[in-house]
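So the chains spell out like this:
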Amino acid sequence: MSITIHDLRKSEGSYLPGSASCPGCGATIAFRIASRILGPNTVYVIPACCFSIIQSPYPRSAISAPILNFAFAAAAAAASGVQRAYKFLGKDVNVVVWAGDGGTVDIGIQALSGAAERGENIIYICYDNEAYMNTGIQRSGATPIKAITKTTPMGKQEMPKDMPMIVAAHRVPYVATASVGYPFDLANKLEKAKRIKGFRYIQIFSPCPPGWDFPVEKTAEIGKLAVDTYFWPLYEIEEGKLRVTIKPRKKPLKEFIRMQRRFEFLKDEEIEEMEKLVMEKWNFLLHLERSERVF
Amino acid sequence: MELEVLILIPVSKPRRGATGETGLWRVERPIIDEGKCIKCWICWLYCPEEVISEGQSGFPVIDLSFCKGCGVCANVCPAKAIKMVRE
Ligand code: SF4
Ligand code: SF4
Ligand code: SF4
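The listed protein sequences correspond, in order, to chains E and B.
Just so you know, we're using the working numbering here: the first sequence kicks off at 1 and counts up by one.
Just so you know, we're using the working numbering here: the second sequence kicks off at 1 and counts up by one.
No lab work stands behind these hints: they were computed from the structure.
All of these numbers come straight from a predicted model, not from anything done at the bench.
There's no promise every hint is true.
[Claimed, not checked] Pairs of lysine-lysine residues, derived as DSS-like cross-links and limited to a Cα-Cα distance of at most 30 Å, are as follows:
| no. | chain 1 | residue 1 | chain 2 | residue 2 |
| --- | --- | --- | --- | --- |
| 1 | B | 83 | E | 251 |
| 2 | B | 83 | E | 10 |
| 3 | E | 161 | E | 251 |
| 4 | E | 250 | B | 80 |
In isolation and in its complexed conformation, chain B is listed as follows (with noise of 0.2 Å):
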């Protein structure tokens, strides 16, 4: 049996920046440093924003436009390949 369902409820559909380019609010900038990274993906699996993929050359890149400094990938990075920067 299909059951009808009438959606009159307020429906809110799924984008990137849904709060807007959450960059802004960045004090402090993420740099990788390649020399020194050795792609174990511990800042990927720890980065609240979710910004950090792999890049062509297959180290880690970030998206500025999204990622809110945090510092979390810097804390965690095991090779302390990542320095926080003042923006």
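Looking at chain E on its own, in the form it has when it is part of the complex (with noise of 0.2 Å):
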């Protein structure tokens, strides 16, 4: 059964208008989506990262939901914690840690490591803006090749951690990728990830208007087009299982470099050479895709 914009509305979220993100904020979406599939029994473990600063300054906070605001390294075993607390109450609870990229694939990477081998009954969700960006966009693990941030004037040299995989080898119930631009998608998702018991993880494509330098009214394009040109494939893996969730007609990945600025250094032959790994990743994907079994 498809989440429907009707059951979006209908439902509750626990996000409130006048928040201190910026303008056009992609990670804001998302929360404002999750939060409603999420539901009212939820608390939410949130390491350093651009939440942190969107809730507001103490002593007013612009979530309507139970946070433990935690250390950056930590936020996975805190929520670990929050779980086993709630269980031993005799509670069932959804614990969802709601972080950033750097907190997920470079800070916070051995506690969420830890709590997936161990199983801890959580849903990790790491909405990725694709570098440190209330510090003033710095590359984390998670920015792609080539993207200029603060710390890369030339554009990154590497390419990204491929995080999603890194958590379905610790062979999890649930791992899945989601955008923006794709919100019944990633509405399903979540729906799904809430039903199933165990470590479960997300990936939310998130646009981050200041931190790639476009147009703040495009992030909800962003987000669709990094699906279509297959720069951000959509798929998740159940139970070792692989199915890509969005099969769109593919569109060239020009179309969505050239609307950020982070790649304004990019020539076209280096966007043809970035094509060729986007096409290898979709083509390897849509070959695990008819595997038996990923993990």
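With the hints in hand, could you dock these two chains into one complex?
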């Protein structure tokens, strides 16, 4: 059963207008949709990330749900503890980590890996804006190759970590990628994750206007283009079985790249090279989809 | 068994406008043309600020005290019913 816009409109979210997020923030769109699916019976653990700021200064909060703000490195460890405490009290509560990519793929990776390996009963959501944004746009392990950040002024030289696959290699019950540009796909994946027990991981592609340097009104459009150009493929791995959830007609990668000034140094030949990498990954995913199990 | 938890940590309380009246940040203001609107609620779905709701007329209305003027709503509207005008 697919989620419709009416379902989303009927359900209550946990975001209150007037937060500190930048205009056109993709991560905020992701949270609004996610909190509607996760529902009121949810506790969030948030490490240092844009959402620590978005919540707004003490003593006010722009999020009407219980949040435990925690140290950068330890969100998954804190969430494990919170979940076990609820279990001890006999309460069934969704414990959700809501973390940026820095707190996930770099600083928080050991706590995340530990929690995944122990099979903690939590949902780990990484809203991926592909760099350390609230500290002023520094490269992270999730920043794509060639992207300009304050610490990679000539464009990043390395490929980003393939975090969803790293988590999937822990043989957890559910891993998925999602994008702000495909909100119903995102909602359906969260709905599915909510019903599964054990460690669940979702990485949401969240365009960031100041960090990627594109016009603020294009957030949703870029989130969709990333998927339509195969830059950010949408898939899920359920009990080891991979399924590509959205298979759009391919658009040229150039359309996605040229909308963002973080890629302004790229020559047409370099975009062609990136196009090859993108197609390689896409074909690999289709190959994995035909396999019995990925992990 | 009941656990006694002594709360000594600072706790923030949720409220609208936690960062203040963010509508003041706006450079451009979204205006909805009800004649063109098909009530698909796509603008509501994507508005990052959660400021679009259903007005008495059944059409979307925007809470301008908090709308940050990003223009995402105008960009996604399939009927081109939202125009951004300079404040
Ligand atoms: S820096 Fe980017 S991700 Fe962070 S609040 Fe601003 S738009 Fe959102
Ligand atoms: S301009 Fe931005 S904040 Fe204002 S209603 Fe449109 S999408 Fe929402
Ligand atoms: S997106 Fe456009 S047509 Fe749809 S409800 Fe909003 S204003 Fe109306």
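Evaluation of the provided hints:
1. A threshold of 30 Å between alpha carbons decides the hint, and for residue 83 of chain B with residue 251 of chain E the separation of about 28 Å falls inside it, so the pair holds.
2. At most 30 Å may separate the alpha-carbon atoms for a hinted pair to count; residue 83 of chain B and residue 10 of chain E meet this at roughly 27 Å.
3. Restraint check for residue 161 of chain E and residue 251 of chain E: the C-alpha separation of about 24 Å stays at or below 30 Å, so the hint holds.
4. Of the supplied pair hints, the one linking residue 250 of chain E and residue 80 of chain B holds, its CA atoms being roughly 25 Å apart against a limit of 30 Å.
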